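Visitor: This is what each chain is made of:
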Amino acid sequence: MEEIVTRQNYSEKEKNDIFNNEFLPHINSMYNFGFRLTLDRDDAKDLVQDTYLKAYRFIESFQKGTNAKAWLFRILKNSFINDYRKKTKEPSKVDYQEVETYYNSEDVNRQITPDLRVESLKDMIGDEISNALNSLDVDFRTVIILCDLEGFKYEEMAKILDIPIGTVRSRLHRARNLLKEKLSEYAKSMGYKNTES
Amino acid sequence: MNLPHNPFAQADGKKPTCMEMLQVIIDGEATDEQQEYFKSHMDRCLPCFKSYDLDMAIKRLLKSRCCGGDAPADLVEQIKLQIGQNTAG
Ligand SMILES: [Zn+2]
Numbered sequence: 001m002e003e004i005v006t007r008q009n010y011s012e013k014e015k016n017d018i019f020n021n022e023f024l025p026h027i028n029s030m031y032n033f034g035f036r037l038t039l040d041r042d043d044a045k046d047l048v049q050d051t052y053l054k055a056y057r058f059i060e061s062f063q064k065g066t067n068a069k070a071w072l073f074r075i076l077k078n079s080f081i082n083d084y085r086k087k088t089k090e091p092s093k094v095d096y097q098e099v100e101t102y103y104n105s106e107d108v109n110r111q112i113t114p115d116l117r118v119e120s121l122k123d124m125i126g127d128e129i130s131n132a133l134n135s136l137d138v139d140f141r142t143v144i145i146l147c148d149l150e151g152f153k154y155e156e157m158a159k160i161l162d163i164p165i166g167t168v169r170s171r172l173h174r175a176r177n178l179l180k181e182k183l184s185e186y187a188k189s190m191g192y193k194n195t196e197s
Numbered sequence: 198m199n200l201p202h203n204p205f206a207q208a209d210g211k212k213p214t215c216m217e218m219l220q221v222i223i224d225g226e227a228t229d230e231q232q233e234y235f236k237s238h239m240d241r242c243l244p245c246f247k248s249y250d251l252d253m254a255i256k257r258l259l260k261s262r263c264c265g266g267d268a269p270a271d272l273v274e275q276i277k278l279q280i281g282q283n284t285a286g
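If you read the protein sequences in the order shown, they are chains H and S. For the first sequence, position 138 matches number 138 in the numbering used here, and the numbering has no gaps at all. If you count the second sequence from 1, you need to add 197 to reach the numbering used here.
Since the hints were made in silico from the structure, they are not lab data. Predicted model, so just to flag it, every value in this text is computed and none were measured. Every residue gets a Cβ at the ideal spot worked out from N, C-alpha and C, and that includes glycine. Incorrect hints may have been included.
Stated by the list, open to error - Simulated crosslink set (DSS-like; lysine-lysine; CA at most 30 Å straight-line):
1) K277/S with K15/H
2) K260/S with K45/H
3) K77/H with K45/H
4) K256/S with K159/H
5) K277/S with K13/H
6) K212/S with K159/H
7) K54/H with K277/S
8) K236/S with K260/S
9) K277/S with K45/H
10) K15/H with K69/H
11) K64/H with K277/S
12) K277/S with K69/H
13) K256/S with K45/H
14) K277/S with K86/H
15) K260/S with K77/H
16) K247/S with K188/H
17) K212/S with K256/S
18) K69/H with K45/H
19) K256/S with K188/H
20) K277/S with K159/H
21) K247/S with K153/H
22) K64/H with K54/H
23) K260/S with K159/H
24) K64/H with K159/H
25) K260/S with K188/H
26) K159/H with K77/H
27) K69/H with K54/H
28) K122/H with K182/H
29) K15/H with K77/H
30) K182/H with K77/H
31) K15/H with K153/H
32) K260/S with K122/H
33) K236/S with K212/S
34) K77/H with K153/H
Unchecked claim - Simulated DEER-style distance windows between Cβ atoms:
35) D46/H with S237/S: 48 to 58 Å
36) D271/S with N131/H: 22 to 32 Å
37) D271/S with Y10/H: 24 to 34 Å
38) D46/H with K260/S: 22 to 32 Å
39) S237/S with D42/H: 47 to 57 Å
Based on the provided sequences and hints, a complete structural model is requested.
Guide: Quick look at the structure:
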């Protein structure tokens, strides 16, 4: 799914302006994305550095004033899949066929986690939510990061991930249910602790 | 045609589930018409009413607890050096 890109012809000054004013302001979001993907601070640093170098190298396929953040996130995601993931040999554990089938089945109206309540979230002031997010398979983690942490629209997510919008929706739906299951477990164990004391 | 038009209905006429509608609302992807429709739907659908609060709370919690943290201080400098940008300027 390669997009047709019109190559721009930027002067050295323009290149540096774009890099400094449109790319670098996203460094903290990029680092957080890198960290949430690799779960390692050093790896995140390498990944972000590598992404920015690529962005500079390919700057002529970036159209000034368009969505730089989505463009950078897409490069980082691809670097992660092509370079990092290959290195660590972590295969994708998600069977998407299964996800689609699940989503299209009648089960979706069923309340998956009836015991998770808004009130129990109020006790999660530590790393619970962060740990729950990090425990998800990387593909599920990714859609939550893009949507809930970074506020990307479905359409932007589809472009970043090279998947149809329908898949964005279904993966997000599944990811949130898994996250809720995790949070329910935490809520349960915290409840036990509270009754003990 | 007594049934009110459901603005969430797919092009193929497929009826959307509560969860599908809720997700569109939660993620701010709903049109004005969809928002109006869902508001009145929530009045008579307890699962949606409950899930709405929970989903919004989780979204807020994620944003507040998982977004923090700045990139290492030297990262920008290192990147600039590598692309040969004059960092003094
Ligand atoms: Zn409903």
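Visitor: Hint by hint, note whether the structure agrees.
Guide: Outcome of the hint check:
1. K277/S with K15/H: It holds: about 12 Å lies between the C-alpha atoms, which stays within 30 Å.
2. K260/S with K45/H: At roughly 21 Å apart (the allowed maximum being 30 Å), K45/H and K260/S satisfy the hint.
3. K77/H with K45/H: holds, 14 Å
4. K256/S with K159/H: Judged against 30 Å, a Cα distance of about 22 Å means the pair holds.
5. K277/S with K13/H: Given that 30 Å is the threshold and the Cα spacing comes to 14 Å, the pair holds.
6. K212/S with K159/H: holds, 27 Å
7. K54/H with K277/S: Distance of about 13 Å is within 30 Å: holds.
8. K236/S with K260/S: Distance ~24 Å between K236/S and K260/S Cα, so the pair holds.
9. K277/S with K45/H: holds, 14 Å
10. K15/H with K69/H: holds, 16 Å
11. K64/H with K277/S: holds, 19 Å
12. K277/S with K69/H: holds, 18 Å
13. K256/S with K45/H: holds, 26 Å
14. K277/S with K86/H: holds, 27 Å
15. K260/S with K77/H: holds, 20 Å
16. K247/S with K188/H: holds, 19 Å
17. K212/S with K256/S: The hint holds at about 26 Å.
18. K69/H with K45/H: Between K69/H and K45/H the Cα gap is close to 17 Å, so the pair holds against 30 Å.
19. K256/S with K188/H: holds, 20 Å
20. K277/S with K159/H: Answer holds: K277/S to K159/H is near 27 Å, not above 30 Å.
21. K247/S with K153/H: Between K247/S and K153/H the Cα gap is close to 24 Å, so the pair holds against 30 Å.
22. K64/H with K54/H: With a Cα-Cα distance of about 16 Å, the restraint between K64/H and K54/H holds, given a limit of 30 Å.
23. K260/S with K159/H: holds, 22 Å
24. K64/H with K159/H: Status holds; Cα separation ~18 Å.
25. K260/S with K188/H: Roughly 23 Å separates the two Cα atoms, so the pair holds.
26. K159/H with K77/H: holds, 11 Å
27. K69/H with K54/H: holds, 14 Å
28. K122/H with K182/H: Status holds; Cα separation ~15 Å.
29. K15/H with K77/H: holds, 23 Å
30. K182/H with K77/H: holds, 25 Å
31. K15/H with K153/H: holds, 27 Å
32. K260/S with K122/H: holds, 14 Å
33. K236/S with K212/S: Holds, because 17 Å separates the two Cα atoms, which is no more than 30 Å.
34. K77/H with K153/H: Distance of about 16 Å is within 30 Å: holds.
35. D46/H with S237/S: 48 to 58 Å: Taking Cβ atoms as reference, D46/H and S237/S lie about 51 Å apart, which means the hint holds.
36. D271/S with N131/H: 22 to 32 Å: holds, 28 Å
37. D271/S with Y10/H: 24 to 34 Å: holds, 27 Å
38. D46/H with K260/S: 22 to 32 Å: holds, 26 Å
39. S237/S with D42/H: 47 to 57 Å: holds, 52 Å
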